[in-house]
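Student: Construct the entire structure; sequences and hints are all you get.
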Amino acid sequence: MNFAQTEMFRAMRSRLQTAIRRGRIGVIDIGSSKITCLVLRLDPARLAEARGTDQLGTSLFGAIEVVGARTVQSRGVKRGEIVDMDEAARAIRLALLTAEKMAAPRVERVDQVIVSFSGGRPQSFSTVGETETETGQVSERDISAALADAPEPPVGEGRQILHAQPVEITLDSQSGITDPRGMTGHRLSIALHVMTVAARPLANLMECVRRCDLDLAGVVNSAYAASLSALVEDEQRTGAVCIDMGGGSTSSAVFLRDHLICVDQIRFGGDHITADIASGLMMRQSTAERIKTLYGGVIPTGADERDLIDAPRIGEEEAPERRQISRGMLIGVIRPRVEETFRILRARLTDIGVDAMPGSSYVLTGAASQLPGVDEMATRILGRRPRIGRPLRIAGLPQSLSGPDSSAAVGLAIYALKPHDELWDFEAPRPWSARGRAVEIVRWFRQSW
Amino acid sequence: MRAVRDEAERAAGAAPAAPPRTGPGPSRLAYRLHRIWAKPSVRGFVGVYLPMALVGLVGWRVVSDDDLRRLAEARLSAAWERVVARPEFALKGIEISGGSEALRARVHAAIGLGEGVSSLAVDVGRIRARIEALDAVRAASVLLDPQGILRVGIDAREAVALHRDATGALTLIDAEGVRIGAVGQRALYPQLPLILGEGGERAVHDVLSLMDGAPDLVQRIRAFVRVGDRRWDIVLEGDRVIMLPAEAPGRALARVMALHYGEELLDRDLAVIDMRVPERPTLRLTPRGVEAYRLRQVVAAEGGKDT
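As given, the protein sequences belong to chains A and B, one line each in that order. Going by my numbering, the first sequence opens with residue 130, and the numbers climb by one from there. Going by my numbering, the second sequence opens with residue 43, and the numbers climb by one from there.
Watch out, some of these pointers could steer you wrong.
Distance ranges between label pairs, derived from CB positions [claimed, not checked]: (1) A:A432 x B:G65: 33 to 41 Å; (2) B:S69 x A:P527: 54 to 62 Å; (3) A:A432 x B:K81: 52 to 60 Å; (4) B:K81 x A:T367: 45 to 53 Å; (5) A:E434 x B:G65: 38 to 46 Å; (6) B:K81 x A:Q202: 27 to 35 Å; (7) B:V84 x A:A277: 52 to 60 Å; (8) B:A95 x A:G287: 31 to 39 Å; (9) A:D172 x B:A95: 53 to 61 Å; (10) A:S143 x B:W102: 24 to 32 Å; (11) B:V84 x A:G461: 45 to 53 Å; (12) A:Q576 x B:V84: 52 to 60 Å.
FYI, nobody ran anything at the bench for these hints, they're computed from the structure. Here the structure is a predicted model, which is why all the values come from computation and not from measurement. Backbone N, C-alpha and C define an ideal beta-carbon position, used for all residues, glycine too.
Tutor: What follows is the structure, encoded as structure tokens:
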């Protein structure tokens with residue numbers, strides 16, 4: 130499989146390497162309701178050491194430290210896609226500048242950033258490439274050949290690949306291989322998980338980052354990023370579904386055997402709940418948002434009818450006698466939307482076949498998962514009790530960013546530390562590499578005659 | 043919708059072309075300036091090298107242009123003068139301690155500063171050198187204290203002898219042989235020994251130790267005469283002379299004193315007691331003494347003949 134954007138992704142990877150060498154990188158989670166920017170200080174020496182000694186990568190987290198953090202209100206972004214380039218760029222600039230100001234005495238300014246992308250209707254495909262090994266022992270060349278052999282999935286018009294990760298390597302009949310190099314076998318097959326998004330929103334996002342004079346060191350799907358920090362390693366291995374309930378959309382990312390195998394998105398999120406409250410109960414958006422966060426809930430209780438909430442109608446905010454509604458009314462508005470979201474989610478997960486996956490756990494994360502009773506609702510509809518996933522604690526993370534709403538931002542930081550291998554990380558070996566020149570000549574003769 | 047609102051605003055007479063509403067956040071220019079400023083190299087350049095270069099440039103310009111330089115020098119010196127002339131810096135007084143009254147007066151004259159001179163113009167080192175240039179001063183300390191008082195401490199030389207040089211001028215000298223001051227008459231300092239002869243002033247310590255060694259002799263001594271810058275003659279009352287050797291004069295003098303105590307040597311009619319060869323003291327009689335001696339011998343001979 131070969132596609133047009135390979136070079137672009139390779140350039141991003143080299144920028145990531147540059148950032149690690151310089152010891153500082155920024156990550157920006159661009160969401161529909163908030164933009165979070167973290168400025169990270171990396172310890173390149175420690176990073177290299179940990180990479181060399183620890184395959185699992187748990188000791189990597191000591192090599193990273195959050196030195197600047199800032200969350201600002203997102204503007205010009207809807208459903209994770211840019212709708213007003215200037216406004217969005219302005220918000221990103223504000224987040225970055227203030228985070229840098231916080232980090233100023235510790236690190237220089239950051240030039241490379243990793244951003245999250247939550248829009249573009251992500252779709253997951255699976256494709257398998259196979260090859261016969263040349264010498265009976267798997268070499269880098271064989272892996273490249275197998276990857277090149279994988280047929281490109283039906284990406285569709287106006288869409289492009291965002292992630293393409295090898296998830297399953299099989300050599301002859303042995304599966305579950307993590308690193309096949311040097312292993313003996315004849316038939317090497319590699320299964321790839323390919324995630325595609327709409328090309329134009331992605332291009333808009335990249336342009337927006339470019340307008341902030343930043344080098345893009347990676348674009349990561351936000352559900353994937355959130356699951357990197359909200360799922361613990363064992364969950365990633367035994368299989369888990371991370372449901373990232375954001376402002377503009379609810380995404381699910383399925384992990385199995387340490388790899389992301391599927392991403393799906395439902396275009397309902399916390400903002401829709403707010404909009405429901407605002408229109409259903411005739412309120413300002415801001416009032417609705419405040420009431421939702423302070424009093425919102427999903428599961429009705431007997432005391433709800435006696436709980437009265439100040440809920441002024443539009444234009445009556447300053448009036449002497451304001452309307453009051455009961456908490457039951459509020460829950461009555463919120464509940465259908467959440468229920469609908471989970472029903473759609475259940476249908477999608479059933480399509481994928483996750484409910485047949487034994488031992489897989491459900492993890493709710495994202496800002497909307499803080500709504501009281503959401504986990505109970507999920508238990509009723511999805512059939513399994515989820516846990517609320519908070520982001521992994523990394524050094525220097527402020528208390529305000531330790532809730533489930535900042536999983537994606539922290540996940541981006543973890544992605545910067547140990548990105549999963551992508552298709553473009555496997556370079557086709559140069560035909561005239563210094564080491565294998567004689568081997569190359571022999572090979573050429575053998576193949577040609 | 044927008045059109046309807048615009049129309050409504052126009053009808054209400056609202057100011058047209060209001061700036062577009064934007065959320066909080068830096069403009070692109072401000073953002074870029076911030077980020078450029080965030081680079082340590084830029085910060086270092088603007089904060090250190092640029093000012094240094096500017097100062098250097100201005101300095102070079104001033105130095106290279108004669109008129110400008112002269113102007114700058116004049117301005118600077120005028121400013122300096124104004125500072126120096128301020129009453130806060132004026133010298134309040136001079137305090138001199140140590141030495142005699144007369145010496146203090148001489149030191150005061152040597153300092154040559156009056157009250158009211160700016161203390162910024164006082165060069166303490168030079169004043170000290172000037173005071174120490176006085177013969178009577180061995181060492182001096184000069185201190186300008188923060189109250190504007192010049193404190194001078196003097197370590198005066200102590201006169202231990204009088205010296206008469208080849209021209210006949212009398213001077214006071216201290217133990218190191220340094221001249222302290224001229225003296226009109228010997229009689230002004232009767233208690234000090236008189237030293238004559240070439241090189242005598244350089245061996246004052248010999249004189250002092252000789253005088254210490256023979257306290258009974260001191261009253262009789264008129265002068266110490268250095269002979270050939272090598273040895274001493276002691277001239278006593280009545281022009282009697284004790285010639286001392288160059289080596290160990292003290293021991294020779296002690297021997298003379300022993301002879302004196304035993305034989306009343308110094309009360310006899312001797313002109314010279316020659317101790318130059320210490321093992322063999324030699325006496326020279328006065329002419330009168332010789333006569334008396336001969337007379338006595340004749341008397342003794344005749345008396346002997348008689349008996």
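Student: State for each hint whether it applies.
Tutor: Here is how each hint holds up against the structure:
Between A432 of chain A and G65 of chain B the beta carbon distance is about 39 Å. The supplied range of 33 to 41 Å therefore holds. The hint said 54 to 62 Å for the Cβ distance between S69 of chain B and P527 of chain A, and at roughly 27 Å that hint is violated. Separation of A432 of chain A from K81 of chain B is about 58 Å and conforms to the stated range, judged on CB atoms against 52 to 60 Å. Restraint check, K81 of chain B to T367 of chain A: a C-beta distance of roughly 47 Å satisfies the suggested window 45 to 53 Å.
One distance hint, 38 to 46 Å for the beta-carbon pair E434 of chain A and G65 of chain B, holds here, with the actual separation near 39 Å. Taking the beta carbon of each, K81 of chain B and Q202 of chain A are about 29 Å apart, inside 27 to 35 Å as hinted. A hinted range of 52 to 60 Å is violated for the C-beta pair V84 of chain B and A277 of chain A, which are about 46 Å apart. The hint said 31 to 39 Å for the Cβ distance between A95 of chain B and G287 of chain A, and at roughly 55 Å that hint is violated.
At about 37 Å, the CB distance of D172 of chain A to A95 of chain B disagrees with the hint of 53 to 61 Å. At about 46 Å, the beta-carbon gap between S143 of chain A and W102 of chain B misses the expected band of 24 to 32 Å. Separation of V84 of chain B from G461 of chain A is about 58 Å and departs from the stated range, judged on CB atoms against 45 to 53 Å. Checking the proposed 52 to 60 Å range against Q576 of chain A and V84 of chain B shows it holds: the Cβ atoms sit about 56 Å from each other.
Hints 2, 7, 8, 9, 10 and 11, counting from the list given before, are not met by this structure.
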